[in-house]
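**Student:** Protein sequences, first through last, are from chains W and A. Residue 143 is where the first sequence ends in the working numbering, and the numbering goes up by one at each step. Residue 586 is where the second sequence ends in the working numbering, and the numbering goes up by one at each step.
Everything labelled a hint here was simulated from the structure, so no lab data went into it. It cannot be assumed that every hint is accurate.
Claimed, not checked - Quick partial rundown of chain W residues pointing at chain A, CB under 8 Å, derived from the structure:
| hint | residue |
| --- | --- |
| 1 | Arg-104 |
| 2 | Ala-106 |
| 3 | Ser-109 |
Keep in mind that this is a model prediction, so the values were computed, not measured. Backbone N, C-alpha and C fix where the C-beta goes; we use that ideal spot for every residue, glycine too.
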Amino acid sequence: MKNSLKVERAIKNITQEELAREIGVTRQAINSIELGKYVPSTVLALKLSEFFGKPVNELFSLEEGD
Amino acid sequence: MKTKLLLPNQFKKVGWIILIPSTLLGLYVIISDNTFDFLNVRVFTIYNKSFLFDSSETVRFGFIGHNLTNTVAGVLFIVGAMFVAFSREKSEDEFIAKIRLESLLWATYINYAILLFCFLFFYEYEFLYVMIFNMFTILIIFIIRFYYMLHRAKKSLSHEKQS
Chain W
78 MKNSLKVERA
88 IKNITQEELA
98 REIGVTRQAI
108 NSIELGKYVP
118 STVLALKLSE
128 FFGKPVNELF
138 SLEEGD
Chain A
424 MKTKLLLPNQ
434 FKKVGWIILI
444 PSTLLGLYVI
454 ISDNTFDFLN
464 VRVFTIYNKS
474 FLFDSSETVR
484 FGFIGHNLTN
494 TVAGVLFIVG
504 AMFVAFSREK
514 SEDEFIAKIR
524 LESLLWATYI
534 NYAILLFCFL
544 FFYEYEFLYV
554 MIFNMFTILI
564 IFIIRFYYML
574 HRAKKSLSHE
584 KQS
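The shape of chain W in the complex, shown without the other chains (with noise of 0.2 Å):
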């Protein structure tokens, strides 16, 4: 699965820790999504579709092989 957070993190100018904090989860949870290690939970999917405000298949989408 792919994910545009890194872009969209650049978009709004915020850093990882600062994107943790307001979804309240660990620096880590953000940067191993980032790296494409990490698939979140529908949950967190939504609380950053919240945050970046653009629904969530814009933010991830499948790739092949998903």
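Following the hints, complete the assembly by docking chain A onto the known chain W.
**Tutor:** Just chain A now, with coordinates in the frame of chain W:
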């Protein structure tokens, strides 16, 4: 995220304080085969059939004389290791929870892989040692794996310095 079934974070420190000396005590007891005389006490037992003497006196729900050195080392180790393994991290979230569950699965696999190997290659009295160690390996492997993965997650942060 609310994480159920975990001890409060403060238990982790207490756990380490119990775990380290009890590990040393356990290793000392196994290697030296020594016991501490002041731990010779009468203890309650559910069932005990003495195989050391021909008298083979059987005790059901009664008291026997026994040295508790192994018991103390074992109980303290389990309590310490459980505290270390299953208390909350300072900050908990679903990512940490995932690492925890994966480590537990991993520890179970490795534990039984080792046991399977030992089943096939150790016999008689030596197998008794295998059983003694195997009582604790699942916790040990879990703790090593869980903290290693947490460490790795933290390390990959410093590589990914703030953009």
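**Student:** A separate judgement is required for each hint: does it hold in the structure or not?
**Tutor:** Against the structure, the hints come out as follows:
| no. | hint | result |
| --- | --- | --- |
| 1 | Arg-104 | 6 Å, holds |
| 2 | Ala-106 | 4 Å, holds |
| 3 | Ser-109 | 6 Å, holds |
Of the numbered hints given earlier, the model fails none.
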